[in-house]
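Number of protein chains: 2
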Amino acid sequence: MSNAITISEVGPRDGLQSIDQIMPLAAKKAWIAAEAAAGVSEIEVGSFVPPSLLPQMADTAEVVAFAKTIPDLDVAVLVPNFKGAERAIAAGADKISIPFSMSETHSLNNLRKTHEQMIEEIKAVADLVARQPEASRPYFEVGLSTAFGCTMEGPIATEQIVRLAEQSIAAGAQELCLSDTTGYANPAQVRDLVKRVKSAVGDDKLNSLHLHNTRGLGLANVVAGLEVGITTFDASLCGLGGCPFAPGASGNIVTEDLVFMLSAMGVETGIDLDALLQTRTILAEALPGEPLYGFTADAGVPLGFESTQNLKAHG
Amino acid sequence: MSNAITISEVGPRDGLQSIDQIMPLAAKKAWIAAEAAAGVSEIEVGSFVPPSLLPQMADTAEVVAFAKTIPDLDVAVLVPNFKGAERAIAAGADKISIPFSMSETHSLNNLRKTHEQMIEEIKAVADLVARQPEASRPYFEVGLSTAFGCTMEGPIATEQIVRLAEQSIAAGAQELCLSDTTGYANPAQVRDLVKRVKSAVGDDKLNSLHLHNTRGLGLANVVAGLEVGITTFDASLCGLGGCPFAPGASGNIVTEDLVFMLSAMGVETGIDLDALLQTRTILAEALPGEPLYGFTADAGVPLGFESTQNLKAHG
Chain A
1 MSNAITISEV
11 GPRDGLQSID
21 QIMPLAAKKA
31 WIAAEAAAGV
41 SEIEVGSFVP
51 PSLLPQMADT
61 AEVVAFAKTI
71 PDLDVAVLVP
81 NFKGAERAIA
91 AGADKISIPF
101 SMSETHSLNN
111 LRKTHEQMIE
121 EIKAVADLVA
131 RQPEASRPYF
141 EVGLSTAFGC
151 TMEGPIATEQ
161 IVRLAEQSIA
171 AGAQELCLSD
181 TTGYANPAQV
191 RDLVKRVKSA
201 VGDDKLNSLH
211 LHNTRGLGLA
221 NVVAGLEVGI
231 TTFDASLCGL
241 GGCPFAPGAS
251 GNIVTEDLVF
261 MLSAMGVETG
271 IDLDALLQTR
281 TILAEALPGE
291 PLYGFTADAG
301 VPLGFESTQN
311 LKAHG
Chain B
316 MSNAITISEV
326 GPRDGLQSID
336 QIMPLAAKKA
346 WIAAEAAAGV
356 SEIEVGSFVP
366 PSLLPQMADT
376 AEVVAFAKTI
386 PDLDVAVLVP
396 NFKGAERAIA
406 AGADKISIPF
416 SMSETHSLNN
426 LRKTHEQMIE
436 EIKAVADLVA
446 RQPEASRPYF
456 EVGLSTAFGC
466 TMEGPIATEQ
476 IVRLAEQSIA
486 AGAQELCLSD
496 TTGYANPAQV
506 RDLVKRVKSA
516 VGDDKLNSLH
526 LHNTRGLGLA
536 NVVAGLEVGI
546 TTFDASLCGL
556 GGCPFAPGAS
566 GNIVTEDLVF
576 MLSAMGVETG
586 IDLDALLQTR
596 TILAEALPGE
606 PLYGFTADAG
616 VPLGFESTQN
626 LKAHG
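Heads up: the sequence lines are chains A and B, in that order. The numbering of the first sequence is our numbering, which starts it at 1 and goes up by one. The numbering of the second sequence is our numbering, which starts it at 316 and goes up by one.
Think of the hints as simulated: they come from the structure by calculation, not from any bench. Hints may be right or wrong, so weigh each one.
To be verified - Over the 12 Å line for every Cβ pair with chain B, so calculated as not near, a few chain A residues:
#: 1; residue: L54
#: 2; residue: E116
#: 3; residue: S263
Stated by the list, open to error - No more than 20 Å apart at the CA atoms, straight line, and that leaves these computed lysine to any residue pairs for SDA-like:
#: 4; chain 1: B; residue 1: K428; chain 2: B; residue 2: K344
#: 5; chain 1: A; residue 1: K195; chain 2: B; residue 2: G581
#: 6; chain 1: A; residue 1: K68; chain 2: A; residue 2: D127
#: 7; chain 1: A; residue 1: K195; chain 2: B; residue 2: E542
#: 8; chain 1: B; residue 1: K428; chain 2: B; residue 2: A439
#: 9; chain 1: A; residue 1: K95; chain 2: A; residue 2: G266
#: 10; chain 1: B; residue 1: K398; chain 2: B; residue 2: E377
#: 11; chain 1: B; residue 1: K510; chain 2: A; residue 2: K195
#: 12; chain 1: A; residue 1: K205; chain 2: A; residue 2: G266
#: 13; chain 1: B; residue 1: K510; chain 2: A; residue 2: G266
#: 14; chain 1: B; residue 1: K410; chain 2: B; residue 2: F397
#: 15; chain 1: B; residue 1: K344; chain 2: B; residue 2: P395
Yeah, the Cβ is synthetic: ideal placement off N, Cα and C, and Gly gets one too.
Starting from the given sequences, assemble the full structure and let the hints guide the process.
Below, the structure is given as structure tokens:
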């Protein structure tokens, strides 16, 4: 288990794209700046999808430009395809991530592409990335989504995931992330699948998990991930993006709760929990009426807990 | 890690004593019968405390008498002292548990007893238990409460917990349970403390954890507990007893979510999750307006999940 963990804040992308309200650009900037100041070293600041589909993400290029002015912040974006990757590169993103659904049914429904067509897309993006000048070349990750099960197909065969993971690396992905898009993952499955994929593509090609807390297992799955060498976990401030029909149930794991857990365990995150908790007010003000989650924010930290106890320089 | 886990339902005691409403005796009986029918093999059905302090528990003797008519159900009760133990034995409980706060400040506040006085009380209860005819002799457990930290003292020194654990066994406790009364525990601490106490008192003398979900770490702490040989976990149906000021934040871990996690992990619980989820209606009807928690109840089980997949005869 690594003793220094990167938390990748995905709220400005995964959170904001899941709610109806559109956060003003100024609030996005304030949010990103505040989290970076609290010690968050990687933020997925938006996605390059057609604004007609996701108006919440229409200003992503401006958000990237702002985020790039923050020293030592890794500025990540999500892109659905080659066209999105072109826009991400033009905007100057440090890291681009393309979701690749392990469920072909989901892939066809979501991006209208077969697995074979997705591998071609990944190859095209990888080639595009490789053609960039080294100084501005982004890091290219493929997110293996619905890896822990699909709401349309149910469980996905491990052999299929391993094969698609290998093909993604062969197509030019620098790194993979396993995504529990549906909140189906359990700790035993996390351990098994991470080990299987790592052993297939190489230990250093899978370091990240994107977990949801749909069935309350998000942090339990983090513990399992830590045990098998995962060093980056996605999370969302206030668990933004939870489904209003099932309060607290469908969103990303809550960044604040994750930082509390890791800090309490003595794992370095580089993040000051008090400062992080204070950034919640930005969301509360910019997204009136939006449900904001978080056990630690509700309960407070334990008596004797030091907010900065694992704040040592990190990475 | 054991492949068969006992879930001890504590809602009829820990849940009901934490809320203002008093559940009618008929509803308590229906609840206990329904959970037992779903496969729950141990239920803490109430506590023997003065009815003037906890009117919710005034009918515990009748509840025990009813629960004892259910085949193969272990009927547990909590007692605060020798007098409570006498009542528990008279009622015919299968298991009695006395809470022993590792924080002396909390012990003095809660039971008005020093650690030394508590050890004397444990000795007196153990002697009382030993004097019972073998056929009706209850199992005697000591619950080491505030073991993971106290809201008044903060962290409790591990050496102190180990010493009090040893003294409890020496005084005649048959088994110990570590209780995260305050919801302060984290997975690293769970692993460490369980290992330390097990190695001090003997591996077979510590098999149980009573965890809370105050900071969202309840199931993560279960995963840690599984790894160090814990085989019994307390939980509360609907997370009953959560604090109304911090929704979902202060109660026990939710039995349904725990059963979902363990079943998904391939760990036998003997419990049919569908049948367990259906027992929620008893609480909804008997406790109108009371907040009922549970991620799995909100989100449903994953496509392809078999409610009875780990239902094999157990224990």
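Are the Cα atoms of A/K95 and A/G266 separated by 20 Å or less? It is violated: about 28 Å lies between the C-alpha atoms, which goes past 20 Å.
Are the Cα positions of B/K510 and A/K195 separated by 20 Å at most? Distance ~26 Å between B/K510 and A/K195 Cα, so the pair is violated.
Given hint B/K344 paired with B/K428 - CA-CA distance at most 20 Å: With Cα atoms ~34 Å apart, B/K428 and B/K344 exceed 20 Å; violated.
Taking the closest pair, is the beta carbon of A/S263 still more than 12 Å from chain B? violated (9 Å)
For a C-alpha distance cap of 20 Å, please report whether A/K195 and B/E542 respect it. At roughly 18 Å apart (the allowed maximum being 20 Å), B/E542 and A/K195 satisfy the hint.
Please work out if A/K68 and A/D127 have their alpha carbons no farther apart than 20 Å. With a Cα-Cα distance of about 24 Å, the restraint between A/K68 and A/D127 is violated, given a limit of 20 Å.
Does A/K205 pair with A/G266 here, judged by a C-alpha cut-off of 20 Å? Violated, at roughly 26 Å.
With the threshold set at 20 Å, check whether the alpha-carbon distance from A/K195 to B/G581 stays at or below it. Judged against 20 Å, a Cα distance of about 18 Å means the pair holds.
Pair hint B/K398 and B/E377, alpha-carbon separation not exceeding 20 Å: It holds: about 17 Å lies between the C-alpha atoms, which stays within 20 Å.
No chain B beta carbon within 12 Å of A/E116's: holds (25 Å)
Taken at face value, is the distance from the CA of B/P395 to the CA of B/K344 at most 20 Å? violated (23 Å)
Minimum Cβ distance from A/L54 to chain B greater than 12 Å, as the annotation requires: Non-interface label on A/L54 holds, nearest chain B Cβ at 24 Å vs cutoff 12 Å.
Of the hints listed earlier, those the structure fails to meet are numbers 3, 4, 6, 9, 11, 12 and 15, in rising order.
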